[in-house]
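As a plain string of letters, each chain reads:
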Amino acid sequence: MSRLQVVTAPARTHDAEELLRINAPLVTEWLVEFLRDEMIRRRGFHRAVVGLSGGVDSSVTAFLCARALGPENVWGVRMPYRTSSPESLEHAQMVIDQLGIHSRTIDITPAVDGYLQYEPDADGRRRGNVMARMRMIVLFDLSAALNALPVGTGNKTERLFGYFTWHADDSPPINPLGDLFKTQVWQLARYLGVPEVIVSKPASADLIVGQTDEDDLGISYHLADQILYFLLRGYRVEQIEEMGYPREKILLVKNRLESTHWKRHLPTTAMLSTTSINDYYLRPVDY
Amino acid sequence: MKIRVAVVQFKPRKGDVAHNLDRVAETLRQIVEENLPADVVVFPETILSGYFLEGGVRDAARTREQILQELSCRYQPFARAEPLDVVLGFYELWHGKYYNSALYLTLEQEPARCRILHTHRKFFLPTYGVFQEKRFVARGRTIEVFQTRFGAATVLICEDMWHSITGAIAALKGAEVFYVIAASPGRGFRGENVGNVMKWQTLLCNMAEEHGVWVVNASLVGFEGGKGFVGQSTIVNPFGQVVVSAPLMQEAIATATIDTEEIAIARANAPLLADLEAGLADLLIEMQEIAEEQHTRDRQ
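Residue numbers (the working numbering), protein chains in the order written: chain A, 62 to 348; chain B, 151 to 450.
Bound-form chain A, shown alone (with noise of 0.2 Å):
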């Protein structure tokens, strides 16, 4: 007697790069629409300042800026410290050069050491904060003089693990890029044509020399969003570990995201009244 055919459903992990697959030409036309949305229809603003980092979440942020608001409405900033890698201004350049977009340099060295200097002992740590809010200031500045609005840059992972300065990348007013995950920012990176060399090199915060994000955060991106995107549907440390993840890589991711809800969130405000705002007296951000 013949035996049937058995047809069996693959591993979930086999699924995962699957799931973490994003439609780029449909996302861009979002994007692209929001951005339209956000900046000129709701606020009024033409123009850009997107700070130019030389890596990927900025460079696919200027680019939708360029598709939304054309070029010539487009400043990127490139706001080096001396300790910044040259790569990064030569790559920043690359997509100033590709977009035809407005540019400025903006070396924050001498206001940041001017800090610095009555803080001589401050570690990398503070060092790499105090910097990524001189670019703040210099971005919200240049925003305020060119009549445009800084546009943020920073990934879902990043927002996800808390690894980022808080009130310095999080703060302009819209972030087109914040509900993707670093790898799928790599996929729209690849699809708007953003050089290669950008997309492929490690990841890399490049506040401290030789510093890459996947040595910081202990963990690949691409190993990371497949536990996010688990984690974040509700699925415990156990049944992702049956999955085929190691248990401890899903621990730390874990626990970053658990230990960093704060840096998601405006200031606590203590409740007095039954008028608290955002308690109580709830308004949505466009109303």
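Possibly wrong hints are sitting among the right ones.
Claimed, not checked - Listing some non-contacts, in silico: residues in chain A with all C-beta distances to chain B over 10 Å:
no., residue
1, N84
2, E90
3, R102
4, N134
5, L150
6, A183
7, R194
8, G215
9, V260
10, D276
11, L343
What the hints assert, rightly or not - Here are the simulated lysine-lysine pairs, DSS-like style, with alpha carbons at most 30 Å apart:
no., chain 1, residue 1, chain 2, residue 2
12, B, K349, B, K284
13, B, K323, A, K217
14, A, K310, A, K262
15, B, K323, B, K349
16, B, K349, B, K152
17, B, K284, A, K324
18, A, K217, B, K284
19, A, K262, A, K324
20, B, K247, B, K323
21, B, K377, B, K349
22, B, K349, A, K217
23, B, K377, A, K324
24, A, K310, A, K217
25, B, K323, B, K377
26, A, K315, A, K262
27, B, K247, A, K315
28, B, K323, B, K152
29, B, K377, B, K247
Claimed, not checked - Between beta-carbon pairs, the in silico distance windows are:
no., chain 1, residue 1, chain 2, residue 2, range
30, A, Y342, B, Q216, 21 to 31 Å
31, B, V280, A, D182, 42 to 52 Å
32, A, R64, B, T292, 48 to 58 Å
33, A, N339, B, Q216, 44 to 54 Å
34, A, E302, B, V280, 37 to 47 Å
35, B, W312, A, E302, 28 to 38 Å
36, B, T292, A, A206, 50 to 60 Å
37, A, R64, B, E342, 29 to 39 Å
38, A, P234, B, G341, 28 to 38 Å
39, A, M332, B, A420, 51 to 61 Å
40, B, L186, A, E302, 54 to 64 Å
Derived from the structure by calculation, the hints contain no laboratory data. If you're wondering where the values come from, they're calculated on a predicted model, not measured in any experiment. A virtual CB, placed ideally from N, CA and C, is assigned to each residue, including glycine.
Put chain B on the given structure of chain A with help from the hints.
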């Protein structure tokens, strides 16, 4: 009977009811002046205010009489000889409570003849994920079918459509045309279209095919605080086939002439509604049992 239907999708100005009534009127003017084929013009859920209002619902809510009066005033300068029916969504103040509602009204040249045919108050209020409706509006308690000059119709709002039982009730009560207004923020960008657009297309087609009814859907467009409404308003025939769709995200009007005679043909091919009617008494007992069991279990 043939009904010329137009579905409209535009981005309302947040919380500005007067402005959005102006835009509804402008759209009607375009339809009249360009002589577009429209007996019934359908606008999306919360078209008069935008969807995500939170506590702003209390500012934007109006009574249905106010809406009728405001719209009939705006309609008069360009009113056409034949009546024009309008379906639209708005936040409603009714008997001291706020609702997410839909009006079906008829506009005429003579202001005194403008009238409300039906009000539907959203039955299923999504309160999960990005949605918070139960916090800000009360739930409607009925699913009604009403007579228009084109036959029996029903109006459903968004999540009402996600429960097959709602459509089943409307079909059993005799509705031949379902006007389904929605506000669906885009989520899911892996497939060939936005995830919830594909889900909506499936829902609309399944509902139309299961009951052999016309389904006329108007879906909101525009971004609200980063949440983008998808649009792609769609009209589906009683065989479950898409007749026309408006574009994704963009402001547009989509029109189609729908023929209620096709309902009998579809139902003869797939008499599911008749089967449902035949089994109704047994289903009712089953439902009663479930309700009683749940009630008893929750008492323990």
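Looking back at the numbered hints, which does the structure fail to meet, lowest number first?
-> Hint check: 1, 2, 3, 11, 13, 25, 27, 33 and 34 fail, others pass.
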